[in-house]
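Enquirer: If you read the protein sequences in the order shown, they are chains P and A.
The first sequence runs 44 to 419 under the numbering used here.
The second sequence runs 44 to 419 under the numbering used here.
In short, the hints are calculated from the structure, not lab data.
Treat the hints with care, as some may be off.
Copies of the same chain are indistinguishable here, so a pair counts whether it falls within one copy or spans any two.
[To be verified] Pairs of lysine to any residue, SDA-like flavour, derived with a Cα cap of 20 Å:
1) K334 x L163
2) K244 x F277
3) K95 x Y352
4) K95 x T153
5) K218 x A177
Number of protein chains: 2
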Amino acid sequence: MTEFSFELISSSAESSARRGRLRTRRGEIQTPVFMPVGTQATVKGILPETLKELGTQIILANTYHLFLRPGHDLVRDLGGVHGFMNWDRPILTDSGGFQVFSLSDLRKITEEGVLFQSHLNGARHHMTPELSVAVQEALGADILMAFDECIPFPADRSYAADATERSTRWALRSKRARTPGNGSALFGIIQGSMYTDLRAKSAADLVELDFEGYAVGGLSVGEGDALMYDMMEFTLPLLPADRPRYVMGIGTPENLVEAVFRGADMFDCVLPTRNARNGVLFTSSGRLSIKQSRYTRDPSPIDESCSCYVCRHYSRAYLRHLYLCNEILSSVLNTHHNLHYYHNLMESIRKAVENDSFAGFRNDFYRRREVPVESN
Amino acid sequence: MTEFSFELISSSAESSARRGRLRTRRGEIQTPVFMPVGTQATVKGILPETLKELGTQIILANTYHLFLRPGHDLVRDLGGVHGFMNWDRPILTDSGGFQVFSLSDLRKITEEGVLFQSHLNGARHHMTPELSVAVQEALGADILMAFDECIPFPADRSYAADATERSTRWALRSKRARTPGNGSALFGIIQGSMYTDLRAKSAADLVELDFEGYAVGGLSVGEGDALMYDMMEFTLPLLPADRPRYVMGIGTPENLVEAVFRGADMFDCVLPTRNARNGVLFTSSGRLSIKQSRYTRDPSPIDESCSCYVCRHYSRAYLRHLYLCNEILSSVLNTHHNLHYYHNLMESIRKAVENDSFAGFRNDFYRRREVPVESN
Numbered sequence: 044m045t046e047f048s049f050e051l052i053s054s055s056a057e058s059s060a061r062r063g064r065l066r067t068r069r070g071e072i073q074t075p076v077f078m079p080v081g082t083q084a085t086v087k088g089i090l091p092e093t094l095k096e097l098g099t100q101i102i103l104a105n106t107y108h109l110f111l112r113p114g115h116d117l118v119r120d121l122g123g124v125h126g127f128m129n130w131d132r133p134i135l136t137d138s139g140g141f142q143v144f145s146l147s148d149l150r151k152i153t154e155e156g157v158l159f160q161s162h163l164n165g166a167r168h169h170m171t172p173e174l175s176v177a178v179q180e181a182l183g184a185d186i187l188m189a190f191d192e193c194i195p196f197p198a199d200r201s202y203a204a205d206a207t208e209r210s211t212r213w214a215l216r217s218k219r220a221r222t223p224g225n226g227s228a229l230f231g232i233i234q235g236s237m238y239t240d241l242r243a244k245s246a247a248d249l250v251e252l253d254f255e256g257y258a259v260g261g262l263s264v265g266e267g268d269a270l271m272y273d274m275m276e277f278t279l280p281l282l283p284a285d286r287p288r289y290v291m292g293i294g295t296p297e298n299l300v301e302a303v304f305r306g307a308d309m310f311d312c313v314l315p316t317r318n319a320r321n322g323v324l325f326t327s328s329g330r331l332s333i334k335q336s337r338y339t340r341d342p343s344p345i346d347e348s349c350s351c352y353v354c355r356h357y358s359r360a361y362l363r364h365l366y367l368c369n370e371i372l373s374s375v376l377n378t379h380h381n382l383h384y385y386h387n388l389m390e391s392i393r394k395a396v397e398n399d400s401f402a403g404f405r406n407d408f409y410r411r412r413e414v415p416v417e418s419n
Numbered sequence: 044m045t046e047f048s049f050e051l052i053s054s055s056a057e058s059s060a061r062r063g064r065l066r067t068r069r070g071e072i073q074t075p076v077f078m079p080v081g082t083q084a085t086v087k088g089i090l091p092e093t094l095k096e097l098g099t100q101i102i103l104a105n106t107y108h109l110f111l112r113p114g115h116d117l118v119r120d121l122g123g124v125h126g127f128m129n130w131d132r133p134i135l136t137d138s139g140g141f142q143v144f145s146l147s148d149l150r151k152i153t154e155e156g157v158l159f160q161s162h163l164n165g166a167r168h169h170m171t172p173e174l175s176v177a178v179q180e181a182l183g184a185d186i187l188m189a190f191d192e193c194i195p196f197p198a199d200r201s202y203a204a205d206a207t208e209r210s211t212r213w214a215l216r217s218k219r220a221r222t223p224g225n226g227s228a229l230f231g232i233i234q235g236s237m238y239t240d241l242r243a244k245s246a247a248d249l250v251e252l253d254f255e256g257y258a259v260g261g262l263s264v265g266e267g268d269a270l271m272y273d274m275m276e277f278t279l280p281l282l283p284a285d286r287p288r289y290v291m292g293i294g295t296p297e298n299l300v301e302a303v304f305r306g307a308d309m310f311d312c313v314l315p316t317r318n319a320r321n322g323v324l325f326t327s328s329g330r331l332s333i334k335q336s337r338y339t340r341d342p343s344p345i346d347e348s349c350s351c352y353v354c355r356h357y358s359r360a361y362l363r364h365l366y367l368c369n370e371i372l373s374s375v376l377n378t379h380h381n382l383h384y385y386h387n388l389m390e391s392i393r394k395a396v397e398n399d400s401f402a403g404f405r406n407d408f409y410r411r412r413e414v415p416v417e418s419n
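Work out the full structure: start from the sequences and follow the hints.
Expert: In structure tokens:
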């Protein structure tokens, strides 16, 4: 059994950017890394084999969704999420906290946990740190997240302080609930809303508890990019340099570049896959909305500089046609391209950090976006 | 430029089954052949590369749909359906007749053609044999179908006779409208509803007009399998043995076996792809509805005897989960399996005819279905 470990390969002299390697029981992960979201044990619209071809190193699965449907016992009996969905690379599961707070009805928070009703059928459930860990272990996660309370934005200081302290106590309970020695890892999640002193306290308390990695949670909840970057810039340096740092739920290509610049290693977001289904495509010069009439007869690929399967074989005109016809292949091809874009971006970021040229990379990244793609 | 041709390789001594080879300007097609339907320049839920891996030799594209959206001029300018959708094997286009009669509003039939309103936006169009051929040529079809009037079932004799005669006159006009010498083929379509004398007249008249192939149209319109088989049995022997015979719009696996038994060479149907999206899967022992609760924790593949990618990697439990979650991969994986089933069935049929063992194959085919899959 490979023990979970993290190794810093190189760091940038001109920024806080880091290049690292995670070792997990299901193989290595080069960081900085973007994790596509496979909410219901499938990354929407894309086969596991294709994910591998695109360079996906690890995916995220959602504890809340799989707990409700089909149920973690069933998933465990069918080989965990890995066997169930035919994915043999690492999987990170979230704690379920975010969805309990964003999707379910009738939440009641106590010290013990959260009482909530399923968004699917109204059934009542009681999620606790212990149950969250048990579910994540049944799902077969290689990286588990401590159960936490996701604080909405804005939040008043008193509630934010209470919730943050409670998340710390839940993090300790999550840690105690783990099955030791199976090679998986458990990450703690820094909360604190947008209050730097609460962030500092949360980070100090969690570092004291000694997790295999640390996440910055409670960002990208409506606070805006500037405040989010400030929070990263404040929080990330408080975390031990020898542990992976995961900024949860981001984001745009710009968000990823800025987070790496500030020292983050791991990211997840539904943006590339959800945008794909809505016909919004990422390119080196910005976003493109494929439904626009300007693409009706456009024979060019999504992005002339992209080498992906979609850009090699399909025109904007065809992709627009598929989108307007609500064809399945619209989602399939758009998802393929967007994930290629994200993984290619991360690959470029990793190379730039390795070569200590990340500041230059970041300048180029923005320069290419000065001419919006829509006016090309 | 390869001229279109058809060659009979072998025929069955014990039935009317035939094994043949079509030569088209885009490559050879081994018959009997099943053609997946790519209505809107995409076979729903499956990539062209995957179609090839599954053994798809030729697909059907729908003239009516592509005429309305995105328009045949646009498709022509983007490389025809082949270039537009990235498919380099042969394409057969229907004449648009069937959809004009089944989908559009306010149809008015005259000798000149059919006035109809688009089911998409109500726009008025006038489809004629000449326009149908022009559209099919703009789409880049390798096999074109003569414009015909699809007769609903039941139809009184007088209307059926008029419509059949009109289709014959439209077939002649379709033939005259063709651009000669481009290597494509034009097939005539036998109509006549369920009246044998009208079928005989239609066949004789069309054979007199000398088409590169002949289709039996107006079947599988609600007449039931027994009457449909009677009509095939009556009509197919009236067609020249040295031309391909295409039974349009069928069908179930049983329909295909029975049509081959009666001497048909080509088929198309939305059944494998549409059923897939509805969670109905084909197996060697019959159909299986994946949503049934009996499959909730079933670790076995759709069909133990199937070698397809889906059956090698995914359980019924997972496929049921995807279906219940309305996930894109549900349609993608189910379509993959069903098309594999259909192509594999045709491959087995071709081998059986080659070995002059088709009668035995047909017996085995039904014997395996005696124990319904749902009670396995």
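Enquirer: If a hint holds in the structure, say so; if it doesn't, say that too.
Expert: Now the hints, each set against the structure:
no. : hint        : verdict
1   : K334 x L163 : between (31 Å within a copy, 17 Å between copies)
2   : K244 x F277 : within (12 Å within a copy, 86 Å between copies)
3   : K95 x Y352  : both (14 Å within a copy, 16 Å between copies)
4   : K95 x T153  : neither (42 Å within a copy, 57 Å between copies)
5   : K218 x A177 : within (11 Å within a copy, 71 Å between copies)
In summary, the one numbered hint that this structure violates is 4.
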